[in-house]
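K.L.:
These are the residues of each chain, in order.
Protein chains: 6
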Amino acid sequence: MLKILIINPNTSEHFNQLLQVTADLYSLDSTEFKVVSPKAGPSAIEGVYDEALSVQGTVEIFLEYEPDFDGFIVACFSDPLSVYALREISSKPVIGIAEASIHLACLLGNKFSIVTTNERWGPLLTEAVKKYGVESRCASVRTTNLRVSDFGKEEDASLKKAIETEAYAAVTEDGAEVICLGCAGMSGFDKELQQKLDVPVLDGVVCALKILELFHQYGLTHSKILTYSTPLLKELNNLSPNFAKAYSTKIKK
Amino acid sequence: MLKILIINPNTSEHFNQLLQVTADLYSLDSTEFKVVSPKAGPSAIEGVYDEALSVQGTVEIFLEYEPDFDGFIVACFSDPLSVYALREISSKPVIGIAEASIHLACLLGNKFSIVTTNERWGPLLTEAVKKYGVESRCASVRTTNLRVSDFGKEEDASLKKAIETEAYAAVTEDGAEVICLGCAGMSGFDKELQQKLDVPVLDGVVCALKILELFHQYGLTHSKILTYSTPLLKELNNLSPNFAKAYSTKIKK
Amino acid sequence: MLKILIINPNTSEHFNQLLQVTADLYSLDSTEFKVVSPKAGPSAIEGVYDEALSVQGTVEIFLEYEPDFDGFIVACFSDPLSVYALREISSKPVIGIAEASIHLACLLGNKFSIVTTNERWGPLLTEAVKKYGVESRCASVRTTNLRVSDFGKEEDASLKKAIETEAYAAVTEDGAEVICLGCAGMSGFDKELQQKLDVPVLDGVVCALKILELFHQYGLTHSKILTYSTPLLKELNNLSPNFAKAYSTKIKK
Amino acid sequence: MLKILIINPNTSEHFNQLLQVTADLYSLDSTEFKVVSPKAGPSAIEGVYDEALSVQGTVEIFLEYEPDFDGFIVACFSDPLSVYALREISSKPVIGIAEASIHLACLLGNKFSIVTTNERWGPLLTEAVKKYGVESRCASVRTTNLRVSDFGKEEDASLKKAIETEAYAAVTEDGAEVICLGCAGMSGFDKELQQKLDVPVLDGVVCALKILELFHQYGLTHSKILTYSTPLLKELNNLSPNFAKAYSTKIKK
Amino acid sequence: MLKILIINPNTSEHFNQLLQVTADLYSLDSTEFKVVSPKAGPSAIEGVYDEALSVQGTVEIFLEYEPDFDGFIVACFSDPLSVYALREISSKPVIGIAEASIHLACLLGNKFSIVTTNERWGPLLTEAVKKYGVESRCASVRTTNLRVSDFGKEEDASLKKAIETEAYAAVTEDGAEVICLGCAGMSGFDKELQQKLDVPVLDGVVCALKILELFHQYGLTHSKILTYSTPLLKELNNLSPNFAKAYSTKIKK
Amino acid sequence: MLKILIINPNTSEHFNQLLQVTADLYSLDSTEFKVVSPKAGPSAIEGVYDEALSVQGTVEIFLEYEPDFDGFIVACFSDPLSVYALREISSKPVIGIAEASIHLACLLGNKFSIVTTNERWGPLLTEAVKKYGVESRCASVRTTNLRVSDFGKEEDASLKKAIETEAYAAVTEDGAEVICLGCAGMSGFDKELQQKLDVPVLDGVVCALKILELFHQYGLTHSKILTYSTPLLKELNNLSPNFAKAYSTKIKK
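For the protein sequence lines, the chains are A, B, C, D, E and F, in the order given.
Each step along the first sequence adds one to the number in the numbering used here, with nothing skipped, and position 26 is 97.
Each step along the second sequence adds one to the number in the numbering used here, with nothing skipped, and position 202 is 273.
Each step along the third sequence adds one to the number in the numbering used here, with nothing skipped, and position 69 is 140.
Each step along the fourth sequence adds one to the number in the numbering used here, with nothing skipped, and position 62 is 133.
Each step along the fifth sequence adds one to the number in the numbering used here, with nothing skipped, and position 231 is 302.
Each step along the sixth sequence adds one to the number in the numbering used here, with nothing skipped, and position 207 is 278.
Bound conformation, chain A alone (with noise of 0.2 Å):
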């Protein structure tokens, strides 16, 4: 049996919505999930002011329920900070789902590209694929001028069309052999692309579902040195007690 929490950084319930059928739809039998949202920020993450607001409450509800569950997800594709910082106070595996859909693509095809939302996310989501170190296999990042508040509408046929025309220029422009949906907001946007590209299309949300079962049936976790090493315990002012509980109390060495 395997637990998984899928935190949904931002407070909308459609995103929750779509996580949950998402995950419902793709997980094993084995494995129970839940999903979640921080009970403060932002309805929609379209920035890095945005992220700012974001973090304190995804740290604050991922300490609530750290305990209880195996393997975290962080359901943005931003490359959110939060990801790295429960890295640090936890010793069971975090994962974003930017991060592992770009590393499954890098097995399907040569290149992939990443179909994303507004133009904000061009310059941002190109930095966070140097910094996984995997910029020689991007074809290209392709924002739509969607918002992510303009998911979650019943009609989603004008956002696919979006998202369809947008990838389809990366694979015949671009050479992009593989396509990223480039927002959480996407989830289930896959399949139907896929058919229609006649390419991989790779929803982040699946992605990070399923390396965390791998990670859980091949009895893997991240690495506690360095990088990811737990923080010593320092004073904290006007927090919850909550986030102090998370540091290391061993005296430095």
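Treat the hints as calculated values from the structure; they're not laboratory data.
There's no promise every hint is true.
Identical copies look the same in the list; a pair holds intra-copy or inter-copy alike.
[Unchecked claim] Lysine-lysine pairs mimicking DSS-like chemistry, simulated, CA-CA at most 30 Å apart: (1) Lys267 <-> Lys74; (2) Lys224 <-> Lys305; (3) Lys321 <-> Lys231; (4) Lys163 <-> Lys232; (5) Lys163 <-> Lys201; (6) Lys232 <-> Lys74; (7) Lys305 <-> Lys202; (8) Lys74 <-> Lys321; (9) Lys295 <-> Lys232; (10) Lys316 <-> Lys110; (11) Lys231 <-> Lys295; (12) Lys295 <-> Lys262.
Fair warning: this is a prediction, and the values are worked out from it, not measured in the lab.
Model the placement of chains B, C, D, E and F on the given structure of chain A, informed by the hints.
P.N.:
Okay, now just chains B, C, D, E and F, sitting in the frame of chain A:
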């Protein structure tokens, strides 16, 4: 039900047994697998000449079994040419053990190191890492001066010691946070070493196997456009006609 | 008249005093400045978790003072997320102490090294340097195993010795021609070390302050298109309404 | 007297004739040469699968002639595996036509482009250029959609036109200052195109031939340590015993 | 009091006047400056040959004035050799206008573009950006086909139009968020263009001037170890003995 | 008949003799050559200042001889500016000894190292290698602390020993498989060192000479578009009118 063919591209029966044990241990109940070797080829792959002698036999055994299996592992850490050749002629996923472990390593720590056999693999695997595009994530490629044929003797202790020595150096001197075992012959050495070093240690055979299961569950196979598109029919001389069956007979666009 | 707000993103009063002394020493007569800390947050930033806990408080204090100041320093060497968040919501220049010192270092010598505190900053600052794009100009990131909370004690001699040891090694072994002090807590240590090593030594706080004065004299602020464009209005949950005032209310184009 | 063996790794007699004509035209009086093809293999190399089928035959023909020649050309622009395999088993220089022309191109202009056949060579030759390490000198790899088997027909005009179109675009749109002809089948097309475009145009076959003459006059052969060191003896199964003669029988150090 | 020597390395009186106007406008009250040109050299620097003809005269004029000034600008955007030569023979800061503007640009936006004169500067400035190490921050180098000698005519409108056209394309097509004016002859065009494009536009002359003031206020000069160490005494033939005075007479260590 | 001008850009008669001996030894019977030095300039080039003093004299001597020769070597390992300047003003091939040896080294082994004189060449030649684009092929640049003026004394043994020591370290510690001698003064030391180290050792003077012969036999010269296009006519002040004759008088397109 998923049927995986594990191709050991050398002719060592010991390697076949190792792969069998590892796959038995980690494959899901719903996965069937078979380990095969080429009928002709070298007993070990210790460089590019050996690889050159193994390629045709690897393709031949693949062609024989391809219709009856759903996914394929080429179980040599050398980033063999055959992985790319086989992707051209099949629409079912083919995966090498080096790329599988390297991309998973990137999800487990900031930097990984590879510990492998003779010193020629230093430059060769450095080049492979660069080809995969993750050179900035690679702390080092360390060699042990072991011969591939050293694996399979009764006594594994000295092999393990040699590997541990280099892996320890990778962690303490090079900044590695994850270790990739750089030879199929090291299959099964992962968990003991992981316990000793307290960092994730990856057996590429397990990684490839689990990635194929993941692809199966998510309905993925490699892209068939551009790099891995099916080659067009051409005349073959003095080769088994089976080789020609793999060509596409579509008219060139 | 230029009014600069220096934000110390941790809550250490000692750091505030240090920043006050440094700014007093180097600011032009025509520059006014104020040092502030978040009301809530960690007493030191020793990794990503600490940063995650400091972000919201940093944004909050910024929003409170933004209208009354002309330029802003985020005085933490960690390349904090907040620098980028604040640039989105202000049209006045915001600068981090790491990027300020690193780009000036490139004008003073062929290669620079960073000397910082605990070993986690090795990979983290290496990544930051890569993000700034100047990895080929960086000779090394060296860590001292000092804790951030070590700074501010009466006795600075042992701290200075630890820093000097690594800086000397950077110069003699790594090819560094310039040293960047990699923690705000080292503010004020620059000139003594410069004299000892006979290479330029940069205090990021001074660098950021002088860059803001330069921008003011030349009439510059950061670009407001694409990466740092103002985020669009969205609903916030359980956050102070002040945070929402930063959004643009322009209709999405 | 220098004796060069030119190995055409496909089995096309037309290619053999082309190579013969080119070598006749450019070899020094003191150079003797012979053009050979593998006894078994594909009639054209249009991708990795074709290459996989050509490798064993290429090694075999090499082993047959190696004692009687002083230098070796593998006349395929695909950066074939066999170049590296043959270097391991010979102390006489072995050279591929891609690397020969690419490195000379770097001495003739700031950036070069490669004009080649079908679109698969776009990613494959981009990867080869990266392997050679000169990606920053490469303006583009342009494909013509020609088949390798198109070469050798009576009428060359349409082939030349297709190549000229892409070469012209490389010069006027991509910043190329030198053109490398990216297929052995284009041998002999260099000077006419050079005259039309008024930039250097390189035929890799000539480049490799002249490099071997240069090496001979200067007393050079490839390094035999590390990457190209002689492989150690091992058991071969169901392969001609000739293949085993290439191994070193030195005791492993 | 800071005394800055602005060296215009060409002999155009118009350029001298431009530099005078710009420095008048932006220098602090406490800064004195003088604009000089070499006594011998080309009237414009439009490539490497022109630069080669300007170097000796630039060094000569520098040697004449060096004792009486505190900081030096080489006012040519070509990353001239003389910047590095002069740093070797002086312990006072020497700065080029290209590197000054490029590093400031990195603090103002995610990516910058350079807009310059004739097309040769496309490859030359791309190379300079790579030398500074910030190639990943450079969106593009765009050329206008203007001649350097076009600057200085009565009518600036058509020059400005040509520059604006390329700068606009850099912003809208290449992702530039900051523009660097890529020729000293464009000095003074910054603010008008900045207003039109609504992104920061940098005049390298101002940037270099302000950086020298910053260095002065912070007590910085370039590193004198390794790359910019003083050259050792050697015999000069048929050159003014002034050139020899710059050598160090220390015994070689 | 091919007539090569070998320009020693320093004024050392010893260097002229060395170049004469080397060219005598390796030039083909059909090659004539002449060694010349500038009339004015430094007796050794040990850094950028020395190079700055040598440039004008190098151009001058080139202009004097250019009409009577077919190819040109600039015999200094510093990647001198003059190579690029001379290419602009001639349609006959001009080659530097560094780039000639470095590109040939890439054809002889996986990685090369440069062994050179004083420590300033460490950063300078690292930068040159990056400019040529082959940084990933360079194992190291090693310096010997020799002065350029040390070459030419009766006793070569200690020089050779210093070079051998670093070359040996490059091979055994840095992974070099080929050695490039990084100073024209080392001309003639190649074969003895090659025998001792058992790896290829390249004398850049021989490499440049043989590359010019190769270009001659194949009918090649450098590209004359874009980077090396002929500069347009402009006014020169206080320089010999010979310098102006090199300009193109074509109307600007």
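K.L.:
Now look at each hint and say whether the structure bears it out.
P.N.:
Now for the hints, and whether the structure bears them out:
In this assembly of identical chains, the alpha carbons of lysine 267 and lysine 74 lie at most 30 Å apart only when taken from different copies (27 Å versus 34 Å within one copy). Proximity of lysine 224 to lysine 305 under the C-alpha cut-off of 30 Å is restricted to the inter-copy arrangement: shortest distance 16 Å between copies versus 45 Å within a copy. In this homomeric assembly, lysine 321 and lysine 231 come within 30 Å of each other (Cα to Cα) only across copies, at 25 Å, whereas the closest approach inside a single copy is 51 Å. Proximity of lysine 163 to lysine 232 under the C-alpha cut-off of 30 Å is restricted to the inter-copy arrangement: shortest distance 29 Å between copies versus 38 Å within a copy.
When the C-alpha separation of lysine 163 and lysine 201 is checked against a cutoff of 30 Å, the pair qualifies both within a copy, at 26 Å, and between copies, at 28 Å. For a Cα distance limit of 30 Å, the shortest separation of lysine 232 from lysine 74 qualifies neither inside one copy, at 35 Å, nor across copies, at 36 Å. Within a single copy, lysine 305 and lysine 202 get their C-alpha atoms as close as 29 Å, and across copies as close as 28 Å, so both meet the 30 Å cut-off. Within a single copy, lysine 74 and lysine 321 get their C-alpha atoms as close as 29 Å, which meets the 30 Å cut-off; across copies the closest is 43 Å, which misses it.
Within a single copy, lysine 295 and lysine 232 get their C-alpha atoms only as close as 43 Å, which misses the 30 Å cut-off; across copies the closest is 23 Å, which meets it. For the homomeric pair lysine 316 and lysine 110, the shortest alpha-carbon distances inside one copy (20 Å) and between copies (20 Å) are both at most 30 Å. When the C-alpha separation of lysine 231 and lysine 295 is checked against a cutoff of 30 Å, the pair qualifies only between copies, where the shortest distance is 23 Å, while the shortest distance within a copy is 40 Å. Only between protomers do lysine 295 and lysine 262 lie at most 30 Å apart by alpha-carbon distance; the minimum there is 16 Å, versus 36 Å within a single protomer.
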